[in-house]
Structure formats: structure tokens, C-alpha cells
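Visitor: With the hints as extra help, turn the sequences into a complete structure.
Chain by chain, the residues run as shown.
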Amino acid sequence: MSAKIKNKKAPSLWKSIDWLTIFIYLVLLALGWMSVCGACYDYDQAGSILDFSTRSGMQIIWIASSLLLALLILMADDRLIESLSYIIYICFLGLLFVTPFLAHDIKGSMSWIKIGSFSIQPAEFAKFGVSLCLAKVMSTYGFDVRNWRDFIICVILIVVPMGLIVMQKETGSALVYSAFFLMLYREGMPGSILFTAISAVVYFVVAVRYADNPLWGVEEISLGSGIVMLLIQLFTVGLIRIYGQGAKILSRRVLLYMLAIDAAAILFARFIYPFNAVWAMAFACGALAIYLFYLSLRDRVLPYCLIALFALGSVGFFYSTHFVLDKVLEPYQRTRIHVLLGLEDDPRGVGYNVIQAKIAIGSGGLEGKGFLNGTQTKLKYVPEQDTDFIFCTVGEEEGFIGCAVVLLLFLSLILRILHLAERQSYTFGRVYGYCVLSIFLFHVFINIGMVLGVTPVIGIPLPFFSYGGSSLWGFTILLFIFLRIDAGRNRQQR
Amino acid sequence: MDGNYELEKRKYVIGGAAVVIIIVYLIRLFTLQLLSEDFKISADSNAFLKRIQYPARGAISDRNGKLLVYNQPAYDVMVIMTEQIGVDTLDLCESLGITRDWYERRMEEIKDPRRNPGYSRHTQQLFMSQLSTEEFSRFQEKLFRFPGFYIQKRSIRQYNYSNAAHLLGDVGEVGPEDIEADDYYRSGDYIGKLGVERSYETVLRGKKGMEILLRDARGRIKGRYQNGKFDMAPIPGRNLKMSIDIELQALGERLMKGKLGSIVAIEPSTGEVLCMVSSPTYDPRIMIGRQRGKSQKQLAQDPYKPLLNRAIMGQYPPGSTFKTSQALTFLQEGIITPSTAFPCSHGFHFKGLTVGCHKHGSPLPLIPAIATSCNGYFCWGLFHMFGNRKKYPTVGDAMTTWKDYMVSMGFGYKLGIDLPGEKRGMIPNAPFYDRAYRGSWSGLTVISISIGQGEVNLTPLQIANLGATIANRGYYIIPHVVKEVQGMPLDTLYTQKHYTRVRREHYETVVAGMRQAVLGGTCRVANTSFYEVCGKTGTAQNPHGQDHSVFMGFAPRENPKIAICVYVENGTWGATYGVPIGALMMEQYINGKLSEASQIRATEFENKHLYTMDNVTRLDE
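Protein sequence lines, in the order shown, are assigned to chains V and W.
Per the working numbering, the very first residue in the first sequence carries number 1; after that it's consecutive.
Per the working numbering, the very first residue in the second sequence carries number 1; after that it's consecutive.
Fair warning: there could be bad hints in the mix.
Stated by the list, open to error - Dumping the calculated EDC-like pairs for lysine to aspartate or glutamate here, alpha-carbon to alpha-carbon at most 20 angstroms:
(1) W:LYS9 to V:ASP326
(2) V:LYS114 to W:GLU180
(3) W:LYS423 to W:ASP404
(4) W:LYS561 to W:ASP547
(5) W:LYS11 to V:ASP144
(6) W:LYS9 to V:ASP144
(7) V:LYS358 to W:GLU606
(8) W:LYS207 to W:ASP178
(9) W:LYS11 to V:GLU422
(10) V:LYS358 to W:ASP231
Please keep in mind that the hints were generated in silico from the structure rather than gathered at the bench.
Guide: As C-alpha cells, then:
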């Protein structure tokens, strides 16, 4: 009898678990293993891919242990996991703190701890600890990200592990933690913060990338500067339209004036007297800001004041990027940024990897060369062939079709997590779900982007594909804790 | 709740962002893989041929700029397994002058991942190394008949002199452990194996380059990918200028013929090694090319161990040359003054312990004691030092003080010369004797260390460095065999002065003793009117056979140009071999040539053989 009642309260784990996610997970694992096989060795004897002395053989051990880990997590009690959140977070902070002291140097990174014959990277595991802690904090009664004090707490929870990882000289892994701001956005962080941060990145990249291209044949005007100014104007107008009250007409008029000034300045520079028209565009931005200040004082509308600050801040940021790049940074740092943005060829360094990656992917064509038949992704042509640049192997051996399948699988995984997160009845589950989503999205975005030469080269693994136990275990734990929480969503009492 | 509903809409923003990112990436992939002209040609798996370009290895010259080691072109035959299908093996074997058996064995070796860790069917693998120019031109004509076979131009080492094999070392193919240890190497690469080729490997090797070539469907090379935009030019290795004087080295090797032992000469003011002879030696030219393996094996099996660099790996009792270091220690510690005299009646006698000595006047002060190499004097010195309970509370403290002096003179640890395989020698310390004698020992127990016997062992390099330190009156610079690396400053390790714990004035006393030894003591043979030679003989007792003959000295007395150690195994008295050989070496270096009389003496010593060994100078194929 009692058993039956229990069953009614909490439906069986096997029924409530999300099998679709598990299916996607398993397919990605299988494709990932094939890629590691393709990347790390070239086999003549059949069966040697299963040899445990090779990386593909080792990866089987990692996969098997990950599946075991996943099973263990599913058997655990989600309420127990939830109640341990703070302890887990604090343990990870301690571990991250001591890591640089225990670590042995691997290619300049101090993030690996050696245990027996294996090395583990605590930074890869800490993600789920931070996610749990954020979820736990944010699900406490009365917590609201829109309250600035609560927001600061979240920022501290994110920034502290980030700082510890930077101390291990793993800037790439640390940047992953910035993905949590996407979750904060879902939970109510003002969109303008996210928007401002993204705009800053866009300004910087565009301004530096196109700094030396002339606009419309006028040597005085830099294309990058022109585009950034135009973006600032468009963003400002967009903000007026969204946040202003009944500002449709105002925004349209402002936009017209702006474009008119821009066009006049550029035409003047082109045909009458060449001068740096960007100054005129910046001047227009300044005038707009003053006008907005005036409006906010006259009509007592605070948003206009903030939008004016955004416009002025953007112009200031734009001019300071050039100052920082030319005067503050050391020449080698400048070179590095230029290489990241594809301005300088550095065939021996970062640029070399990207070129080799593009050659490898490009050579895959529509259908690819087939499993283990890749030639460009073998040996040491592309460094980090089986870790950070693993997507090259997919591109070369499985072609466009294989790549598309992998990308769509990742997309479905991310959208599925989004759906699962949204159906949580408790904040804890939803926040944790969005944490998982943000991390996966960030990894896929940066890793595949860098292989395709779209995003800067930041050394982070591709989930389920890159060789290595730490990252595979890390992602498995991250995902299956969420699946476990999701499976317990129908419980009546908490 | 209303706000929360508003927030829920943000899921569309986030999901939308994910969808947009994936779509952008799909478009990017589409252009890269299906549209781009650049990469379209590469749909064929053999479109790119990445060819490694090897840099020229740095050349090596002696201190006077005479070229010792340079490069000579050689040709490696490479094979790509996936492309070599359908080759007429008989024709191939004939063209290369190999047997069918050899061909099949080699192919198996290439495919064995244990012996060839970087193996891939799709990249060039080394099939046969170092074809001579004639072999190459014969093969080149027929190359078109053997698809999948390629010629890779390499350079191999060539030597102008038959000397200094231990110093120069050699290059050979990398082993699996080298590939494991350094990502730079791939199967078939060359690496320095011994000598400076090994210790300066990273500066000599330069940096490999790579060119990316385009091929058509039949594997014919169509040109460079994007006009070589992505090629990397190889960076040539840096040249080395050694501190060795090759003429001096050659004379040393000549004088040591038929003997076991070593000669090390150092320029005291700079620590530069002027010559380093280890006998028996071999001609470095036997280690070139394909005969290297055979020569290596033959040398390794030789009972006289020609591969051993005795100058830095041989650890010998220094014998009486060590007495100079004792005199310095006793003077600095105030145990003796230059006028302190000790009795010696055919040796040191105390409580039934006797250390014998030859016949000379008694009692003696320090300078004549050094000149006549009196054993008794130094035994008494050590006895008084280790028995001085006012200065040292226990014998262990005295021992520790003594050991610190020895270490400050460069004994007991590796000096840090820029050659691989240096040994540290042996300077005993208090815990060592505590263990050996279970705590019950005294100055008497260990008395023989004062005359360079017993537990004390030094390498010839350390003895020569002792000579350099005395010549400098109290400091040494770590001996090194490379004077200049092209375009790079010398490691500061080899420019710093290391001062010993003994003051300069005490060194002057010991120099006076060593001068006396040349004028009227054990080193009379070395005396010459051209410059003032200072020296000290050693006759190191050898329980296994004849005593070893040792000489340590320097010249001229003021502003010394050369400090030297000659160590001849089983050469009996120091004066028999050590002193005359040392004298000839100093003459050669200071005067730049040997006088006629010296030439005759040199020939005489060249032909005085203590051992009959097959002269391993040149292997003929």
C-alpha cells in the first residue's frame, strides 16, 4: 500500500526523466568519439582505435565513466543535491584556490592537478558548483536580481571563481563564467546591461578590425570609425524608441537628422574638401546627448538621461580603445589582438591554427572524406587537434552534412534545455537550467566560431567532442544534475 | 507575477540568439566547404602537400675561427604509403642498391607504431636516409617510375679534423623518447647525441619551416598554395665558436696515443677550455651518415671505452696535486703559517699509523714541502686541523669546515660545464664517515684525504680547474667549451667569478711552492727559460695496478695564459708522463708551436704506449 502512495506522489524516475535530452547526449558522445579517433591517430590495423594506450582508447574510458557518473547522479536525490549547493560551491572555491600551488605546469597553464597517472582540471568541474550556488541563492524567498543589492551578490558569486581561474593562467576557462550573465538576463537583469556589454565588444572589434580601411576612398576617414559612429547613433535611436514614452516620432526624427548630418559630412569630405568626417558624426552624437539631457530635464523622463549617457559613454569608449591600443598596451599584446581580429598574419602563432583549421574544414566539402580518412587533421599540422580544434576533424571527415548535423544537435540540445528550464515550477530548477544552457551556448559559440575563424581564439573545449576526461565529466555532471532536478519537478511538496 | 510573465518572454531572446548563432555558422560552413574557390580544389584529399623544410644546422669553429664542423648535402628517400601502391619493387631495390629483404623489413619497420610513433599512411615517412650525391643522381633519374617516393634534401655533418670527437659529439636520428620529450621532433629528424651537438642542440638546430604545395588528382605538384603566403621559412641554426684550440687538441691527442687518461687545459682568466683530450678517442668522421650505427656499436663494445669522456666522466684520486688545496685550507684556517715546519722521516708516523714518503730534508716548511711533495707535512697539517678542539668542537665540525673549503674550490659537485654527462667526483663529509665508521673516527682515520687519496675523487676537469683557481689566485669561472654563440650573449653562468674561501695572499704562497717544484722539485722537467711555469705532480696510488701519473700546473706565473691537468692512468710517477706531456702542451699553446727538440720529445711520447689497442681512428666500409 505504502509503496503505491509513494508512486502517486512522485512518478517513477524512468517515466519523468527527459529521454530526448539523453538521446541527444548519447548521439553527441558517439560523434565526439569518432572525431577523437579521426584526430589523434591514423590506423592501419583494425581494432587499434580501441587500444587504451591511444587517445581514442582512453576516450572510451572517459565516456564509460561519464555514463556511470550520469547514472549515479540520476539515482541521487535532487533535494540532497540542492541542499548541498553552498557546500559544493565553497569546496570548489577552495580547490580552485589551491590548484595553482599543487599544479604542474602544462604549456604555461597552472590548472591541472595530477592524481596518480591522471590529471584533472578543477576549473572544468567548478561550473556546476557555481551554477548550483547561483540557483540556490536566487531561489531564496524575496530574492530579485532587479534589486541591485541582490544583483551584486550574483556578480560576486560569478567573479570570485573567475578570478581564481585567471590566476591559474586559464583566461579562456574564466571567460566561460561570463555566460552566467545570460541567465541573469532571463532572471530580470536589465537588458541594457547585456546590451551595453555586447555593444562595447562590437565597437572594439569593428573599430580595430577596420581601422585602416578608408571609407569611400577618403583617406582621412577610417571605415571602422565611421561604422562604429553609425552604430552608436543607431543604438541610441533604438533605445529612444524602446524606452522613451511615445517616442516613435521623436526617434524617427532624430534618426533622420543623424543620417543627414552623416551623409552631408561624408559627401563634403568626398567631393569638396577631405577631412575626418567621423568628428562630425561624433559631434552629432554629442549634440543628440545634450538634446536628450534637455528633454529629460524638461519632461522629467529619467530614461533619456541614461540614453544620453549611453551615447556619450559609447563615443568615449570608442576613442579610448584607440588610445589604449596604441599607448597603453605593449606591442606584443597589440599584435596578439590584431592577429585575433585577422589584421596581421602570424602564421607561426594563433593565426596559423586558424588557417590550418580553415584548410582542413574547407577540404571536407559536402560529404567529407569519411571516417578516419582525413589528411589535414592528422599529426601535428593543427596543434590542439583533438582538443580545442576538434571541430576541424568533423569538418574534414564528415563534411558539411556532418557539421550541420552536429550544429543542429547542439541547437536542439540548447533549445531542449531552454524548454525544460521554462517548465520548472521552482526558481531553483529554472535558474540552474539556464546556467547549463548559458555554458553550453558559450562553449559552442566560441569553440566552433574560432575554428571557423569567426570569433577570437579562446582555448575552451567543445562539449562532448574535445578529448579529455575533465571536460567530459564536467559537462556530464552539469547536464545530468539538471535532468535529475527536472525529473523531480512533479513532486508536490518541497 | 506580471513582471515574471514579462521576463518569460526573454526566453525567445535567448533561444533566438542560439538559433541565429547556429544559422550564421551554417552559412559560414556552407561558404567554406561548398562555395569558397580557395578550398574547393581541396575536396580532393591529396590536394595539399605539406612539406617540411629543414634548416641548416649551425656550423662549429674553434677559438681561432678554424672551421671544425659544417654541413654537407645528403638526400633522404621518403615514402607515402597510400601512394606507393603498384611500384615495381625490384626496379626500386635495384635503383637504390638494396635487397628485396631489406625493402620488406624497412616497410614493416615504418608501419610499426612502436618503432615509428608518428606514423601516418598519408604523410612522408623516412624510407632510406642519407644518400650520397651520386646515389641521389642515379635515383633521381628513375624517380618518376616510383609514385609515392620522394626525395627530401637534408644536410649531414662533415668534419675538417679527426680530433675532438668527445667535445663535438655527433648527430643521429631521434629516438622515440626524444619525440616524447619534445614536440619539435618527428620521426626521421636528427638530434645532437653527444658533446656540444647535444648540449647546444636547441641553438644549433634552428627552426623547421613548412611549405604548402598544391597537387592535382594524380599527385603532381601544381605550385604553392596562395603563392606561399602561408609557408613558413626555416630559420637556420646558430653557429658556435668553441673555446678549443684545435692545434692544441690535436697535439694532446697525439701525445696520449696508446695511453688511457685525459688532458684538460683552461684559460684561467675566462674559464674557457683550451683543449680536452680523453684517450682513447676516435675519429668523429666515423659517426657520419649510415655507418653511424655500426661505428657506435663497435665503440660501445671496445673494452677501453673510447666513448667515455674521461675528462669529465672519469673520477680519479687526485694524488699529490690535491696537496695545494690542503695547504690553502690550513693557511686560511690558521692551522699553519708559511714558516710552520713539520718533521718527516720517510713519512708520517703516529701511534703505529704510517704514511710513507720519499727521501728529503726534515723538518720542512710549507714551500719546500709543496716542492718536494712531502706526504708527512700534509698529514701533520690535517692531523692538527682535525685535532684542534679549540677551533672545532668535534671532529665532525672540523670535517664540515674542511668539506666547505673543498666545495668552494669546485670539488664534490658538477662544475656545470656545457657538455653532457659530467660527473661530480667525491668529497667525503662528516655523515659519510659517521656511517662508514659507525661514528668512531678521527683525523687519523681519514688522514689519507690530505694527500688526495682515500675517499677523495676528482675529475680531470676539476683538477685543471684547481690549477686555474690557483693561477687566478682565488677564483674560477665555470669551465666551458663554447666561446660564442652567434647572435646570442654567452650564458652568464660562464662569466661570473666564483671565489673560494681562501684569501689571495695564501694563494701567492702556494704559487711560490709550485714554482719551487718546477725549479728544484718534482716538476723539474717542465722548466723552461721562455716563461715561468708553476706545477705540482701527483702519483695517485692505484690498488688495482700501476699508480696513475698526474700533473697540474699553469704558466706563466704572472698573467697566466693556460692552466692544465694531465692524467695518465697507470703512468706510475707524476714526473714520468704527466710533467713532460704538460710541458709540451704549455709550450705549444704559449709559443704557438713546438721547438725542434720538443718535436722530437713529442714523437717519443706519441710512441710510448702503455696499452696496445686497435687504433680506432678510421673505420673503412
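Visitor: Each of the hints needs a verdict: does it hold here or not?
Guide: Each hint tested on the structure:
no. : hint                 : in the structure
1   : W:LYS9 to V:ASP326   : violated, 43 angstroms
2   : V:LYS114 to W:GLU180 : holds, 19 angstroms
3   : W:LYS423 to W:ASP404 : holds, 19 angstroms
4   : W:LYS561 to W:ASP547 : violated, 30 angstroms
5   : W:LYS11 to V:ASP144  : holds, 18 angstroms
6   : W:LYS9 to V:ASP144   : holds, 17 angstroms
7   : V:LYS358 to W:GLU606 : violated, 67 angstroms
8   : W:LYS207 to W:ASP178 : holds, 16 angstroms
9   : W:LYS11 to V:GLU422  : holds, 8 angstroms
10  : V:LYS358 to W:ASP231 : holds, 15 angstroms
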